[in-house]
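> Sequence:
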Amino acid sequence: MNLTIRQLATFREVMRSGSVSQAARAVGRTQPAVSTMIANLEEELGFALFVRERGKLTPTPEGNYFFEESEAILERIDRTQKTVQRIRLLEEGKLRIACHPAASSVFLPRLLTEFLTGKDQLEVSLIMRSSDVIEDLIASQQYDIGFSETPESRASIDQIDYDLECVCAVPACDPLASASVITPRDLDGKPLAVLFEGHTTATQTEAAFLSEGCTFNKRLELRTFLPGLQFVAAGACYMICDMITAYSYLLQDQRPQQLAIRRFRPRISNSVSVLTPGYTTQALTSHAFRQLLIDAIEGMKRDVENLLENERSV
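Under my numbering, think of the first position of the sequence shown as 1, with each following residue one higher.
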C-alpha cells in the first residue's frame, strides 16, 4: 500500500464537505483531479469509500472508519510539523549545562535568561560543579555544554579556551583606587583574599609578590572569589580575582562607591573553556547557546578592557 499525505488530506476534505467541488476548492485542485485522487485511493485500499448516487457521495461504513483513521494520522502529522518548527526555532528540546562557580551566580544565569526568552517548551538543566567534575560530565556526554577552568586536552571533549586577565579589587575609598595599575609593591604586607592553596591564581599571585620581594599577607582563603568582593567592599582586604567574578559584580549594578576594579601587574592569568562532548553531533539548541556563550565571553573581555583603559586615561 502506497498512500500519500495529499490523498488523505483530500479524502478528509471530501468527507467534511460532502462535495467533490467544495473539497477541490479547499485543497486548491480541480474537481476532476480530486475525483481521480479519490478513485486511486479506493483502488489502493481495495474497497469503496463512497456510494455514488445521482451526483451525491455517501460514505460507506468502511469510508467512515477510514475517515477516523485518516484524521488521527493527519493530526499526528500536523503535531509533528509543529514540533519540527519549534525545534528549528530552538523553542523545544533539552539543554544540559554544567558551570563552574565563578560564572554560576550572575554571568551564566543572566545569559541563559536571555536565551530562554520565547522558548517556553525548552527544558533546561543547569548545575554548578567544580571544573574537574564538569570535565567528566562533558566527556561522558551527560551534559551538552560545560563552562569551566581549562582542562587538559582530551579527544572526548571539544573545547574553546580563553586566557583571561585577573584584575585587582580594592575598596573604592582606598587611596589605591586612584591608581590605574596596581602592583605587589602597592599591596606589600596588606591583607589579601585569595583562593585555596594550590589554585593556579593563588600560586601565581604569591609568586608575583615573592619575585618583587614583597610580603604576601594571606588574610582570607576562599573556595571562590565571589564572597571576597563583600570583604573588599567592607575594607577588610584586597583581592586579585578572575575577570568573570569582577564582571559579574559590574553586571549587578552595585553602588559604584563600594569597589574599584583595576589592572594588576604582573599579569595573573585565569584560563576558562567552553566544553562540548566529542564524538557526537551537537543539538541545535546546544549549538545556539554555545555560540551565545562565546559571544558573551568576547563581549565581557571588551567591556572589562574598556573599563581598565578608561581608568588609565583618567
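Any given hint might turn out to be false.
Said to hold, decoys possible - For lysine-lysine, the following DSBU-like pairs were computed, each having C-alpha atoms within a straight-line distance of at most 35 Å:
(1) Lys94 <-> Lys218
(2) Lys94 <-> Lys119
(3) Lys190 <-> Lys56
(4) Lys94 <-> Lys190
(5) Lys190 <-> Lys218
(6) Lys301 <-> Lys94
Stated by the list, open to error - Pair by pair, the computed Cβ-Cβ distance ranges are:
(7) Thr280 <-> Ile5: 47 to 55 Å
(8) Pro266 <-> Gly198: 48 to 56 Å
(9) Leu292 <-> Ala172: 51 to 59 Å
(10) Ser153 <-> Gln291: 20 to 28 Å
(11) Leu251 <-> Glu69: 37 to 45 Å
(12) Asp303 <-> Leu116: 53 to 61 Å
(13) Gln31 <-> Thr280: 20 to 28 Å
(14) Thr200 <-> Arg79: 47 to 55 Å
(15) Arg185 <-> Tyr279: 48 to 56 Å
(16) Gln141 <-> Val51: 38 to 46 Å
(17) Glu53 <-> Gln121: 20 to 28 Å
Quick caveat, the hints were computed from the structure, so don't treat them as lab data. Where is the CB? At the ideal position from N, CA and C, for every residue including glycine.
> Are any of the numbered hints broken by this structure? If so, which, sorted upward?
As far as the earlier hints go, 1, 3, 4, 7, 8, 9, 11, 12, 13, 16 and 17 are violated by this structure, in ascending order.
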